[in-house]
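Asks: Sequence:
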Amino acid sequence: REAALAERRAKEKQDREGMEQKIASMMAEMHNKLAAHEAAVVAREQAREQAQKDKEAKDKEEQKRKADAAKAATEARKAAAMKKKEEEEAAAEAARRREEDERDVEAAAA
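For reference, each letter of the sequence shown is one residue, going 10 to 119 in the working numbering.
Be aware that one or more of the hints could be misleading.
[Claimed, not checked] In the DMTMM-like style, the derived pairs of lysine to aspartate or glutamate whose C-alpha atoms are separated by at most 25 Å in a straight line are:
hint	residue 1	residue 2
1	31	54
2	67	77
3	80	58
4	69	47
5	42	54
6	73	58
7	94	84
8	69	58
9	69	84
10	87	77
11	64	54
12	92	68
13	73	84
14	80	68
15	62	77
16	64	84
17	94	109
No lab work stands behind these hints, which were simulated from the structure alone.
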């Protein structure tokens with residue numbers, strides 16, 4: 010009877026240890042799954058942040074390009090206006106000289 014009792018206790022102890030081992034294994038598996046999920050969440054967040062940074066940099070570059078183009082267009086308009094003004098002044102000066110020359114010719118003829 011003692012031997013049967015000791016055998017039963019040994020079997021219960023073995024069953025309990027097996028169950029504890031099984032539970033520990035399941036907990037480790039769940040821990041690993043949770044860690045993998047958390048890593049995936051972090052990776053997605055980092056990818057989203059990087060995509061946002063890339064978009065902001067691209068938008069900033071586009072704004073700079075547009076600003077540079079607008080500045081260049083303004084400079085070109087200023088240069089064209091200056092050239093036109095210089096041409097008009099040169100034409101006015103030439104006309105004034107012609108009038109003076111005509112007056113000189115008339116004065117010499119008179």
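Asks: Each hint needs a verdict: does it hold in this structure or not?
Replies: Results of checking the hints against the structure:
Proximity of residue 31 to residue 54 is assessed by CA-CA distance (about 35 Å); at most 25 Å being required, the pair is judged violated. Only pairs whose Cα atoms come within 25 Å are accepted, and residue 67 paired with residue 77 is accepted, the gap being roughly 15 Å. A threshold of 25 Å between alpha carbons decides the hint, and for residue 80 with residue 58 the separation of about 33 Å lies outside it, so the pair is violated. Between the alpha carbons of residue 69 and residue 47 the distance comes to roughly 33 Å, so the proposed pair goes past 25 Å and is violated.
A threshold of 25 Å between alpha carbons decides the hint, and for residue 42 with residue 54 the separation of about 18 Å falls inside it, so the pair holds. Only pairs whose Cα atoms come within 25 Å are accepted, and residue 73 paired with residue 58 is accepted, the gap being roughly 22 Å. Restraint check for residue 94 and residue 84: the C-alpha separation of about 15 Å stays at or below 25 Å, so the hint holds. Restraint check: the Cα-Cα separation between residue 69 and residue 58 comes to about 16 Å, which is no more than 25 Å; the hinted pair holds.
Of the supplied pair hints, the one linking residue 69 and residue 84 holds, its CA atoms being roughly 22 Å apart against a limit of 25 Å. About 15 Å separates the Cα atoms of residue 87 and residue 77, which keeps this hinted pair within 25 Å; it holds. Between the alpha carbons of residue 64 and residue 54 the distance comes to roughly 15 Å, so the proposed pair stays at or under 25 Å and holds. At most 25 Å may separate the alpha-carbon atoms for a hinted pair to count; residue 92 and residue 68 exceed this at roughly 36 Å.
Of the supplied pair hints, the one linking residue 73 and residue 84 holds, its CA atoms being roughly 16 Å apart against a limit of 25 Å. Of the supplied pair hints, the one linking residue 80 and residue 68 holds, its CA atoms being roughly 18 Å apart against a limit of 25 Å. Simply put, residue 62 and residue 77 have alpha-carbon atoms about 22 Å apart, close enough for the 25 Å limit, and the pair holds. With a CA separation close to 30 Å, the supplied pair residue 64 and residue 84 exceeds the 25 Å bound.
Taken as a hint, the residue 94 and residue 109 pair is honoured in the structure, with Cα atoms around 22 Å apart against an allowance of 25 Å.
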